[in-house]
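Trainee: Now for the letters of each chain:
Number of protein chains: 2
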Amino acid sequence: MNQIQSINYPIYFNSVTTHLNNFINEGKYSRFFILTDEHTSTHCLPYIREKLNNRDDFDLIEINAGEESKTIDFCIGIWKMLIDFDADRSSLLINLGGGVVTDLGGFAASTFKRGIDFIHIPTTLLSQVDASVGGKTGIDIDNLKNIIGTFTQPKAVFIEHAFLSTLPARQVKSGMAEMLKHGLIADASYWNVLKISDLENPTDQLIYQSVVIKNKVVTEDPSERGIRKILNFGHTIGHALESYSLDNDSNPLTHGEAIAAGMICEAYLSHLKAGLPAGDMQEIVDTLLGVYGKYPIHESCYTALNAIMKKDKKNQGGKINCSLLTKIGECRIDNICTDDELCDSLKYYASLQYAQV
Amino acid sequence: MNQIQSINYPIYFNSVTTHLNNFINEGKYSRFFILTDEHTSTHCLPYIREKLNNRDDFDLIEINAGEESKTIDFCIGIWKMLIDFDADRSSLLINLGGGVVTDLGGFAASTFKRGIDFIHIPTTLLSQVDASVGGKTGIDIDNLKNIIGTFTQPKAVFIEHAFLSTLPARQVKSGMAEMLKHGLIADASYWNVLKISDLENPTDQLIYQSVVIKNKVVTEDPSERGIRKILNFGHTIGHALESYSLDNDSNPLTHGEAIAAGMICEAYLSHLKAGLPAGDMQEIVDTLLGVYGKYPIHESCYTALNAIMKKDKKNQGGKINCSLLTKIGECRIDNICTDDELCDSLKYYASLQYAQV
Numbered sequence: 001m002n003q004i005q006s007i008n009y010p011i012y013f014n015s016v017t018t019h020l021n022n023f024i025n026e027g028k029y030s031r032f033f034i035l036t037d038e039h040t041s042t043h044c045l046p047y048i049r050e051k052l053n054n055r056d057d058f059d060l061i062e063i064n065a066g067e068e069s070k071t072i073d074f075c076i077g078i079w080k081m082l083i084d085f086d087a088d089r090s091s092l093l094i095n096l097g098g099g100v101v102t103d104l105g106g107f108a109a110s111t112f113k114r115g116i117d118f119i120h121i122p123t124t125l126l127s128q129v130d131a132s133v134g135g136k137t138g139i140d141i142d143n144l145k146n147i148i149g150t151f152t153q154p155k156a157v158f159i160e161h162a163f164l165s166t167l168p169a170r171q172v173k174s175g176m177a178e179m180l181k182h183g184l185i186a187d188a189s190y191w192n193v194l195k196i197s198d199l200e201n202p203t204d205q206l207i208y209q210s211v212v213i214k215n216k217v218v219t220e221d222p223s224e225r226g227i228r229k230i231l232n233f234g235h236t237i238g239h240a241l242e243s244y245s246l247d248n249d250s251n252p253l254t255h256g257e258a259i260a261a262g263m264i265c266e267a268y269l270s271h272l273k274a275g276l277p278a279g280d281m282q283e284i285v286d287t288l289l290g291v292y293g294k295y296p297i298h299e300s301c302y303t304a305l306n307a308i309m310k311k312d313k314k315n316q317g318g319k320i321n322c323s324l325l326t327k328i329g330e331c332r333i334d335n336i337c338t339d340d341e342l343c344d345s346l347k348y349y350a351s352l353q354y355a356q357v
Numbered sequence: 001m002n003q004i005q006s007i008n009y010p011i012y013f014n015s016v017t018t019h020l021n022n023f024i025n026e027g028k029y030s031r032f033f034i035l036t037d038e039h040t041s042t043h044c045l046p047y048i049r050e051k052l053n054n055r056d057d058f059d060l061i062e063i064n065a066g067e068e069s070k071t072i073d074f075c076i077g078i079w080k081m082l083i084d085f086d087a088d089r090s091s092l093l094i095n096l097g098g099g100v101v102t103d104l105g106g107f108a109a110s111t112f113k114r115g116i117d118f119i120h121i122p123t124t125l126l127s128q129v130d131a132s133v134g135g136k137t138g139i140d141i142d143n144l145k146n147i148i149g150t151f152t153q154p155k156a157v158f159i160e161h162a163f164l165s166t167l168p169a170r171q172v173k174s175g176m177a178e179m180l181k182h183g184l185i186a187d188a189s190y191w192n193v194l195k196i197s198d199l200e201n202p203t204d205q206l207i208y209q210s211v212v213i214k215n216k217v218v219t220e221d222p223s224e225r226g227i228r229k230i231l232n233f234g235h236t237i238g239h240a241l242e243s244y245s246l247d248n249d250s251n252p253l254t255h256g257e258a259i260a261a262g263m264i265c266e267a268y269l270s271h272l273k274a275g276l277p278a279g280d281m282q283e284i285v286d287t288l289l290g291v292y293g294k295y296p297i298h299e300s301c302y303t304a305l306n307a308i309m310k311k312d313k314k315n316q317g318g319k320i321n322c323s324l325l326t327k328i329g330e331c332r333i334d335n336i337c338t339d340d341e342l343c344d345s346l347k348y349y350a351s352l353q354y355a356q357v
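Here the protein sequences line up with chains A and B, keeping their order.
With full-length UniProt numbering, the residue at position 86 of the first sequence is 86, and numbering never jumps.
With full-length UniProt numbering, the residue at position 319 of the second sequence is 319, and numbering never jumps.
If you're looking for bench data, these hints aren't it; they were derived computationally from the structure.
There could be a bad hint or two in this list.
Which copy is meant is left open, because identical chains are indistinguishable; a pair holds if it fits in one copy or across any two.
Pairs of lysine to aspartate or glutamate residues, derived as DMTMM-like cross-links and limited to a Cα-Cα distance of at most 25 Å, are as follows [unchecked claim]:
id, residue 1, residue 2
1, 294, 340
2, 28, 220
3, 319, 84
4, 155, 62
5, 310, 86
6, 80, 142
7, 229, 187
8, 310, 341
9, 80, 67
Could you build the full structure based on these sequences and the hints that come with them?
Mentor: Structure follows, in structure tokens:
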């Protein structure tokens with residue numbers, strides 16, 4: 001349980017001391033750079049420095065924390081720092097942070113001098129079980145999430161349980177939403193274990209199982225032509241809610257909170273269109289509302305949400321395309337949903353009686 | 001002589017009518033977009049429209065002509081237009097233009113929604129024999145040429161001799177520099193034919209041969225780990241001259257003029273370091289100066305040129321790395337050149353007695 005093989009790179013668990021040192025020292029790289037944000041500089045870099053025996057022969061690139069940094073402007077900033085540091089094609093970029101750092105750093109590296117190697121050391125639960133595995137890099141434009149990016153695999157991923165203790169509970173729960181999704185789309189027994197677990201303190205074993213599920217899917221379909229789309233369950237509506245909230249709320253939804261709300265809406269659509277049994281739907285709704293509470297979606301914002309969904313990357317020929325559950329543990333891709341159906345799912349969510357987030 | 005197979009796509013010669021229509025109509029694409037610049041909109045788009053039976057079910061994206069457009073700002077502009085036009089992952093981008101359009105359009109497409117398909121219809125000799133073949137996409141930052149980009153293969157390339165009649169003689173000669181380079185690095189008999197050809201009116205056959213040479217090299221080594229670097233002969237110094245001239249001259253050097261001067265300097269280095277016979281060096285110098293004249297390089301700009309070379313993508317561990325000729329028709333990669341040697345080659349060029357460009 002300390003290593004998984006992905007497409008063409010290893011995912012290491014809790015073994016940064018041995019394997020990261022081996023990786024850097026094997027002689028393949030002329031230099032290395034570490035990308036952090038202001039939080040991971042403080043809370044995670046000292047841990048990595050210590051594991052690297054306090055060597056200091058690298059340059060540090062730090063960005064602001066938060067989704068607001070996942071822009072082309074910050075990417076240009078990284079490119080220019082790599083230029084200033086005389087990074088060459090044999091340089092290595094180590095992305096130490098959450099999904100913003102790994103997505104942005106991966107994109108910057110995959111395009112710098114037409115591609116330098118990079119590795120991820122994800123420091124949030126969300127990036128450990130989701131962003132760091134599968135080779136998606138990306139930046140946002142005008143709050144359209146990951147609208148620009150590449151499919152480029154890292155050379156290695158290092159998942160360290162130790163970092164989870166640095167996170168606020170809300171961030172851990174955010175990552176947990178993707179883990180719950182992994183159960184819903186691919187493994188009912190995993191879902192059954194998860195839903196009664198301590199969702200603020202996931203064990204090594206649960207994280208490992210989530211990465212195994214995600215890795216299996218992306219390895220089968222690296223560039224999202226087919227089966228990989230099951231990972232988008234909850235994300236058509238969830239991404240729209242996340243973008244909307246980022247633009248309109250002073251304390252925006254986390255990714256996991258948005259995806260949890262999206263999964264509830266899409267469980268409704270799954271029941272409507274893909275045969276998800278009513279009992280399964282109710283179980284999903286109860287579990288997710290129980291963990292994440294409820295986000296107030298007013299009728300006045302349906303049009304704006306629909307407009308965001310129209311820009312979703314999975315759409316084809318102008319039609320909104322969702323991945324829906326046929327039952328807990330099974331997901332079907334390429335379900336075209338009409339504007340009315342999507343609107344109904346939002347109304348369904350709005351009608352649920354629960355405490356607000 | 002109307003088709004070559006490249007890495008995983010065809011290069012068609014003078015057969016846009018049949019093959020472009022087939023390509024668009026085979027049902028793979030939801031929509032298509034044509035990227036042009038103000039020149040190709042006027043001089044080349046009507047030709048393509050006619051070949052496409054005047055269909056108008058596409059959107060046009062036009063950029064300003066010239067290297068100044070090969071920036072991240074223009075790339076963002078293309079991304080935003082694709083977003084506004086609701087381009088989806090099944091969209092096709094057709095790049096109709098010279099190297100700026102094909103490099104920039106290729107980069108924009110390869111990163112939009114993590115990559116949509118694109119094809120090139122190169123309209124300059126330079127882009128026909130060089131930029132459009134081999135899957136390099138790129139943009140400049142701070143005049144560092146192609147410092148950002150990807151290796152992404154187009155789905156097809158269409159080379160149409162008809163476009164050459166739309167070009168000023170200086171542009172044709174610019175492309176010819178790359179053809180001459182192909183002879184120098186890989187085929188002495190081709191060089192011997194070329195150097196006595198009408199360099200302002202290259203025949204179909206000569207263009208075809210040049211594409212065959214370039215294609216053979218890039219197919220062997222798509223991501224430039226080894227042999228592909230021979231294509232960089234003349235480009236370490238040539239790119240520096242091109243960047244410098246773009247920043248400092250009211251009428252900057254064309255790419256071909258800069259590369260011709262770069263090839264003379266690097267022929268000198270080849271003689272010094274790689275065994276290029278003196279007679280071969282003299283033949284290269286005489287031929288290139290005869291065609292391109294001489295660019296005045298003052299001693300005062302050696303430092304600036306050296307600083308640009310220090311940023312060259314081929315460098316490793318801070319050392320400037322050139323591809324040099326061992327004789328006409330053969331090239332050796334990975335020759336580390338010192339600052340003094342590079343400076344000497346510029347002095348050698350400056351000492352040559354010829355009319356100025």
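Trainee: It remains to establish, for every hint, whether it holds in the given structure.
Mentor: How the hints compare with the structure:
Taking identical chains as interchangeable, the C-alpha atoms of residue 294 and residue 340 lie at most 25 Å apart only when both belong to the same chain, with a minimum of 22 Å there against 69 Å between chains. Proximity of residue 28 to residue 220 under the C-alpha cut-off of 25 Å is restricted to the inter-copy arrangement: shortest distance 22 Å between copies versus 28 Å within a copy. In the homo-oligomer, the alpha carbons of residue 319 and residue 84 lie at most 25 Å apart only across protomers (15 Å), although the nearest pairing inside one protomer, at 44 Å, exceeds that limit. Taking identical chains as interchangeable, the C-alpha atoms of residue 155 and residue 62 lie at most 25 Å apart only when both belong to the same chain, with a minimum of 21 Å there against 38 Å between chains.
With identical chains, the CA atoms of residue 310 and residue 86 are at most 25 Å apart between copies only, with a shortest distance of 8 Å across copies and 42 Å within one. Taking CA atoms no more than 25 Å apart as the test, residue 80 paired with residue 142 passes in both settings, with 22 Å inside one copy and 9 Å between copies. When the C-alpha separation of residue 229 and residue 187 is checked against a cutoff of 25 Å, the pair qualifies only within one copy, where the shortest distance is 16 Å, while the shortest distance between copies is 48 Å. Taking the closest pair of Cα atoms, residue 310 and residue 341 come within 25 Å of each other only inside a single copy of the chain (14 Å); across copies the shortest separation is 58 Å, beyond that limit.
Taking CA atoms no more than 25 Å apart as the test, residue 80 paired with residue 67 passes in both settings, with 20 Å inside one copy and 20 Å between copies.
Consistency with the previously given hints is maintained throughout, with no hint failing.
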